[in-house]
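A.B. asks: Residues per chain are reported as follows:
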Amino acid sequence: MPGVRIALAAGLAITAVALGVVLATPPVVVLATNSVPPGTTLAEGIRGVCQAGERMPRGTRSIRVSLYAFTGPRVTVKALGEGRLLAAGKIDSGWSGASITIPVHPAPSSNVADVTVCLEAQTIGEPIVAYGGLGPKDVAARTLTGEVLPGRLSIQFIGEGHSTWLTLASTVARHMSLGRAWSGIWIVFLVAALMLAAGALTVRLVLRELQ
Amino acid sequence: MRAFLSRAPTAAWICALVACLSATCWSFITPPFEATDEPSHFAYVKQLAEKGTPPTTSEGSLSAEEEYALKVLESFEIRYNPDFKAIYTQQQQNTLEAELGRLNSLDKGAGSPSGGVATAEPPLYYALESIPYRLGSSGTLLDRLQLMRLLSAVFAGFTAMFTFLFLRETLPRERWAWTVGALAVALSPLATFMSGAVSPDALLFAVSAALFYCIARAFRRGLRTRSAIALGLVILAGLLAKLSFIGLAPGAFLALAVLAVRETRRSGRKALRAPAIGAAIGLLPVAGLLVRNTIAGKPLLGIVGGTATTAGRTLLGAANYIWQLYLPRLPGTVSDFPGLFPARAIWFDGYVGRLGWLDTFFPGWVYTAALIPAAAVAALCLRSLILRRAVLRSHVGEIVVYATMTLGMMTLIGFVSYRSFPAQTIEYCQTRYFLPLLPLYAVVVALAARGAGKRWGPTVGALLVVLFLAHDIFSQLQVIARFYG
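Here the protein sequences come in this chain order: G and E. Heads up: the first sequence begins at 1 in the working numbering, then just goes up one per residue. Heads up: the second sequence begins at 1001 in the working numbering, then just goes up one per residue.
Just chain G, with the same shape it has in the complex (with noise of 0.2 Å):
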């Protein structure tokens, strides 16, 4: 039947080219942080809270927050600055994790000093944990209603790296070698190679089996 090996050769090559677009582009770094280590808890059960003096940088497509929650809820995160309403973004209910990231829109042309990053839970659920470093009350994060955490939550600007994934492979590969049992660059080769024959024996059984 023609259709099916129409059928698989396009599909591969969508697959093909999908994968050479996603190697093309480069991945989401970390752009800025304000140092802040995620190690003590600030708040056990907060509905939104608001944090100051953070540096906001250019390109920023999302905001990184350190609040934990198993299964939490829809989340909105603003940031301000300059008198105005730099970026905002949301995250749907349903994320799990110590860290929240929220994709934002604009992302800001220039750098901006002393923006106010806010987040608010827009659904009544799982208390979310807010976690930071105990730091001096003047630079707290706040509470919504006001009420003065005794620190600052970790926060960090995610924007895209330079490197496409293409150029970091080798770094990646030799990342990938380590850490595990048989350490070697030979696990990448390996794992490439067991997935080629998925594939293949996919490919081929398809095409015994459908035609």
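Each hint can be trusted.
Derived DSBU-like pairs: lysine-lysine, alpha-carbon spacing no greater than 35 Å straight-line:
(1) E:K1108 / E:K1051
(2) E:K1071 / E:K1108
(3) E:K1071 / E:K1085
(4) E:K1085 / E:K1108
(5) E:K1085 / G:K90
(6) G:K78 / G:K137
(7) E:K1085 / G:K78
(8) G:K90 / G:K137
(9) E:K1071 / E:K1051
(10) G:K78 / G:K90
(11) G:K137 / E:K1071
(12) E:K1085 / G:K137
Covered stretches of chain E (chain G as the covering partner; in silico rule of three or more C-beta atoms under 8 Å from a C-beta of chain G):
(13) 1012 to 1025
(14) 1086 to 1094
(15) 1168 to 1181
(16) 1418 to 1425
(17) 1462 to 1469
Chain E is nowhere near these chain G residues, computed Cβ spacing over 12 Å in every case:
(18) T40
(19) T41
(20) C50
(21) P57
(22) E82
(23) G83
(24) S110
(25) A113
(26) C118
(27) L134
(28) D138
(29) V139
(30) V148
(31) H162
Hints are computed from structural coordinates only; laboratory data are not their basis. The beta carbon of each residue, even a glycine, is placed where N, CA and C say it ideally should be.
Based on these hints, arrange chain E on the given structure of chain G.
C.D. replies: Same frame as chain G, but now just chain E:
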């Protein structure tokens, strides 16, 4: 068993091999202990292999060598924190290997005082994993972990194989659709990721797929003594593999009951013997548990009974919670998940891609885009069912059994999650808990391909397979980017 394996078609073997290869890739890609609950499962195996007994407590620390590995690999920092990557330098690697080598000789035979969250689990998977653990006993902890992961990857092969055979029984006419459904399972990133880790889920998926196959076979070919023993043994293995198999058990016993009624109508009361044997074998672990707990003076059903009684504290509340966990809220009921539709945000998105410790995601648009093929598959499957509704009517008993197994899993997960609600919205918010139902997912995919009609069916099937392959590849790349990028 040998006769069964030799009768399996070549296509089933290839599907099994594809699943094994994919799970093996995952076993190398995922950094040590960065799969959900892997540290606890490793600790259980260590205790069982070195001391011959399961761990008795979930409290306290793990073994010295595992604690050291978790610390040096920065496992706790990496978990839930995308900023943290796996260890970076050759120097760190050398230190890790040297110290783990030293600790292996010091720690050998000490077992693991705590089994963490795995403590309450039954021992079958861990007993099987003791074999690669012992084979790698001269190596470091990381060597043993990798060998154990490779055994899990073999279970992925069995899952795909039994899924193929299940499809052969349930959809006997369209041979090509068996391959499409089985490859959907063999290339499922979530299933192969879990099967590439040390986790009893790997065995649970395989045993569950075998259960579906045995039931389908019995409905087609009748329940004889040998097939009843096989079915009973599979239930026994499931109950000894992981506690959550309990969700499938009511459906499995219902299958035996339905088959018993059917066989009695045909051959009289003597036909009850086979289902009775199957049920007796399957109930052995329950009987064993009752005896053990009676002797030890513990609650009769142990942790399972605790789950049922705690969850039963407000039955209406539990029912409302479980309903909303899967379906849109009914008018006039309290919303347990304001702003959250778990069917989409937890279960669907979880299947598309929530890997590692649920901390490795795709960009948000991927989950929205995934709705398109999912909706197409659902629509085609529905079309296929409508076109063949006459055939469905003749299989009502069997369909009720599969529905009971599905509802059993949904209810179990709902009840267990309800225990910690509202402190945690959904404690068991992991799609992997539904992967014992993979054979039914395979049927949906196969029906969808068939729903495209005789002319276009295989073409749609081929497109779906490429989609699954791409999903697996990009999921692996996402994990590589998360931990090593």
